[in-house]
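Number of protein chains: 2
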Amino acid sequence: MDIEKYIAGKKKVIDKALDRCLPSEKEKPKSIHRAMRYAVFSGGKRIRPVMTIASFEACGGKGASIMPVACAIELIHTYTLIHDDLPCMDNDDYRRGRPSCHKKFSEELALLAGDALLTMGFQLLSDAGNLNILKDISMAIGSRGTIGGQVVDMEEAKKKKRDLDYIAAKKTGALFEVALKAGCMFKGAGKREIDAISDFGKHIGFTFQLIDDLIDKDGYVKVYGKEHVRKMAELLNKRAKSHLSIFGNKANMLSGIADLILERRS
Amino acid sequence: MDIEKYIAGKKKVIDKALDRCLPSEKEKPKSIHRAMRYAVFSGGKRIRPVMTIASFEACGGKGASIMPVACAIELIHTYTLIHDDLPCMDNDDYRRGRPSCHKKFSEELALLAGDALLTMGFQLLSDAGNLNILKDISMAIGSRGTIGGQVVDMEEAKKKKRDLDYIAAKKTGALFEVALKAGCMFKGAGKREIDAISDFGKHIGFTFQLIDDLIDKDGYVKVYGKEHVRKMAELLNKRAKSHLSIFGNKANMLSGIADLILERRS
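So the sequences go chain by chain: A and B. All residue numbers for the first sequence refer to this note's numbering, where the first residue is 1 and numbers rise by one. All residue numbers for the second sequence refer to this note's numbering, where the first residue is 1 and numbers rise by one.
Since the hints were derived computationally from the structure, they do not count as laboratory data. Bear in mind the structure is a predicted one, so any value in this text is a computation, not a measurement. Errors might be hidden in some of the hints.
Any copy, or any two copies together, can satisfy a pair, since identical chains are not distinguished.
Here are the simulated lysine-lysine pairs, DSBU-like style, with alpha carbons at most 30 Å apart [stated by the list, open to error]:
id	residue 1	residue 2
1	Lys28	Lys159
2	Lys161	Lys191
3	Lys217	Lys28
4	Lys11	Lys135
5	Lys45	Lys160
6	Lys231	Lys103
7	Lys160	Lys26
8	Lys160	Lys226
9	Lys45	Lys104
10	Lys28	Lys158
11	Lys135	Lys191
12	Lys135	Lys187
13	Lys250	Lys187
14	Lys231	Lys104
15	Lys158	Lys191
16	Lys159	Lys26
17	Lys30	Lys12
18	Lys62	Lys241
19	Lys26	Lys250
20	Lys26	Lys231
21	Lys30	Lys158
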């Protein structure tokens, strides 16, 4: 199957599932439910939950049982975007060409909508019924993971020498890795599969960051130059895919996602 | 046993457990771990986690296995305080006589410390290993619970007619109720006990709000006057305790907590 078609198909299923799990805009308090939905349905590519589903399928999983985990990953990703955009953080007025959540609504609603999406992510994970996944995700996105990466990124923003590896591994990589791992764990895969998927996740998370830096002419590009960064990304892509060999053909979609991440231009 | 002694003893145990579960201030990124610890160890009375332990014990529970649940409740409570104090919300410079988290550190660190404490709360709940508790807590503190209450409180702050019952039930009551319920559920108590504890929780949560309003001369006091509000609080206290009868002597500490809440003057 063509990877773009695969992703488009999964995106539809994910969007439907997100629509079902989010409270209606008519439910009290309407304002926060509107803000939550506005942020979730803002044209995101759903790449993280697609990876969760693809890794579930690479391990032999089938059907919709994985959806609560996939949706949780997307809600958590959305919460990080809302909070990152806030005035006290990156102060971004736009997100994907539309006003960011706090611009569209208000700072306080955006703050609380982020809180509520994170909380709902955990609610969905409790529905999914796997405590190990829940624990791994909570660790990946806490002060030793995503949040830690955001803190260091913020604090070192104006420094000449930044701990780019830490920031990449934590701020971007941790959620990528756990999104993939969760799909595997949900299928009940063995340690060998889970470790392979985690290694794959680490490498494509890092690739994603390098491509981000190429697009923004920032981070690694400032230190190593764009030629070198592109070479690094290509190397990481190859190494990422080498970890998929134990899954055979079943990992074709994961492999395709890795290539799309490398080829991303915006 | 004297209730004040009981609470003081439990507070010590809770503080030790919180100290063990929070990352050290020496761990990278130090700033956020300092901010998390500053907010958690700021002289709170630990009334919510004490209630979790007391309800666990009222159901026949013994020992330290309940501590991850109790600590999770306190971390979640602390996260709500940090975010409520932020400039875009209540804009409070002080909390319990000390600079609030964003005043002591920065807005962005306070925001992220709140996020991290909420996340760590769920991590502890996954350690506790009870998915039903996790689900109930996530629902109690989401957009249909604590956060919903905060939204309505904020939006109606300047209105003459405020939905005080909704705000009290959600903003204050939901966490009280689930803190108590969680202790019961963790012991594996039956529906009858869980329902009784939930009813008890609803009533003392409401009492807590009425006493808050008496102290602040706000909310219900503005609508009904302080005499009437005090009478309501006394009545609710009696009704709360009536739900404890099925536990016999084992609920003495819960009953004592209900009285302390009624007698609170600051």
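> Honestly, which of those hints from before does the structure not fit?
Replying inline: 2, 5, 6, 14, 15, 19, 20
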